[in-house]
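Participant: Start from the sequences and build out the full structure, keeping to the hints where you can.
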Amino acid sequence: MLAKGKAGPRRQDHPLWFLIPALAVLVVFFLVPTVFNFVYAFTDWSSFKSAINFAGVDNFTSLFSNGTLVNALKVTLVYAVLVAIFQNAFGLGLALLFEKDTRVNRAVRVAFFVPVIMSALAVGYIFQALLKPDGALNGIIGWFTGTEVSIPWLGSTTWTIVVVAIVHAWKWMGLSMLIYLAGLKTISEDVLEAARLDGAGRWTMFRSIRFPLLAPAVTFNVATALLGSMNGFDIVQATTEGGPGGTTELLNIFIFRTFGQGLFAQATTMSLVLFLLVTILAFPVIRFLRKREDVL
Amino acid sequence: MTITAERPDTATRIAPARRKPRRRFPVQPVAAILVAVLVLGVPFWLVIATAAKDQAEALNPDLSPPSEWRLFDNFAQVFEDGRMVAGFFGSLLVMVPAVVGVLILGSMAAWILGRRGGRLTAAIYALGISGIVLPPAVVTIVLLLRQLGLAGTALGMIGVYMGMYLSTVIFFVTGFVRTIPHELEEAARVDGAGPVRTFIRVILPLLRPVLATATILICLYIWNDVFYALFVIGGRLDTLPLNLYQVASAGLYLQNWHLIFAYIILMSLPLLITFVVAQRRIISGITSGAVK
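Quick mapping for you: the protein sequence lines, in order, are chains A and B. Counting from 1, one number per residue, gives the positions in the first sequence under the numbering used here. Counting from 1001, one number per residue, gives the positions in the second sequence under the numbering used here.
Any given hint could be a false lead.
What the hints assert, rightly or not - Residues from chain A shown here face chain B by an in silico Cβ test under 10 Å; the list is partial: (1) Pro21; (2) Ala89; (3) Phe90; (4) Lys132; (5) Ile179; (6) Phe211; (7) Pro212; (8) Leu277.
Calculated from the structure, these hints are not laboratory results. If you're wondering where the values come from, they're calculated on a predicted model, not measured in any experiment. For each residue, glycine too, the CB sits at the ideal point set by N, CA and C.
Facilitator: What follows is the structure in structure tokens.
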């Protein structure tokens, strides 16, 4: 350290003006709109009049009293948790199934990555067709059971959110699978060998050795699944557009719909709610998951 | 348990496998293929089969094969009606400058942030990477763009994407810069190179692998984005996902599943081809960032 001090880097070798272009873009296109969010949520900004007036917490009280705020918050949270569960369960299951480096497995892994690179909107339309009451999924079930099946997968006020979350997980499970595969590769053979010598069966081995050692992969996958689904829009818009009866109306769906109706202030209010929700949830979740890694 | 007690046990366990090269039923490969066919094959087949049908046959999309394959006729039709060419170039028009922009501005900033210490740098770094987690304020961005006269323009969309994905670049590259030895920069400095030359000649080439990863991720997001595009340029500039949204939600096309699916196939092809060509790099790039 000391020896380096003389010839070491001086401040002018890394001039601060290199930061300015990036900062300018961040301030104009990220920071200022975010600050605006906190301002315009308290106005009556809409497409119906030219003047924008201060309106206090009117937007919040009206959204709260007609139930949309609580509903959208609840739907978004439930959706995020469901997606995180399904995406990780599917991803981990696939990673364990395709763990060995055989030719078949390598090909299948690549195939499972195709939904990841597809447009989420396209995935939504594909499943809208697949899940119609007279669609292909019911056709397959009917073929197996030998009866006419017409389950309205996207028409249930209780279960549709689960179905859509599964579609979301279907799109992204290939990514989780890859992360888990990479995590499984990092577990040293010695540890596994030692466990095998101690007589650990496959299940014990997975539960008490491999799964705990996958902690960094779990952190990444859970955090990205939660964040991705809280900001979700495309898949829900393409499958249910928030229905039936608003039971899949995520915050972003609400924002898009009210924006389209010209109710800009209400859309801004919900955008602020989303911002606060992510801020309040994301950091503790990430910290909690990181802590779990440290214990090991 | 002692080692001596374990040894015979392992010996007996390994031995039978060697003794009996009996062909077992290949459970794993069969299970792997079965899962892939059920989970991926069914939806993909639905897309291809429906995209090859005519309107009457595709009215109720099912898994039956088309009585007559007219995939390319349908491609030709969506090519015209779905404004594919305009959408393709519109997508490129916003994606390429946004990606190049974030890579250059992001690595410039990340170089400084990775090299300088101090509270100011730490604060700027925190602001710089906060966008990874925090959602952009999509409604007020539109307001701001109107005030700037950029609403509905490609430039506005590029700015919005840059604001969103600069964080990703800054995060990836700052971590990478810290692993580059100072000596490499010093050698250039001794030769009389200023910061700009050092950055362009020494640092940028070294950043290649991490910039490749960031490029892949950001291209994936921007190419497929429809949410932010709907707010910023919806109706005023064509991009592939926006046109798909219009084709699919227009009443006229509501029953035209064959066209929607033909559109989906064509729209996915560019990324699909890129992926097939560079799959190894893409996969290793994405996973290397996640699990350290």
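Participant: Confirm or reject each hint.
Facilitator: Okay, the hints, checked on the actual structure:
The closest approach between the C-beta of A:Pro21 and any C-beta of chain B is roughly 5 Å, which is under the 10 Å cut-off, so the hint is satisfied. The closest approach between the C-beta of A:Ala89 and any C-beta of chain B is roughly 13 Å, which is over the 10 Å cut-off, so the hint fails. Hint status for A:Phe90: holds, given a least beta-carbon distance of 9 Å to chain B, under 10 Å. At about 8 Å, the closest approach between the beta carbon of A:Lys132 and any beta carbon in chain B falls short of 10 Å, and the interface hint on this residue holds.
Proximity of A:Ile179 to chain B holds as hinted, the smallest CB-CB distance being about 5 Å (cut-off 10 Å). Because the smallest distance between the Cβ of A:Phe211 and any Cβ of chain B comes to about 15 Å, over 10 Å, the interface hint for this residue is violated. Taking 10 Å as the C-beta cut-off, the interface hint given for A:Pro212 is violated, the closest approach to chain B being about 15 Å. Among the interface hints, the one on A:Leu277 holds; its C-beta lies about 9 Å from the nearest C-beta in chain B, closer than the 10 Å criterion.
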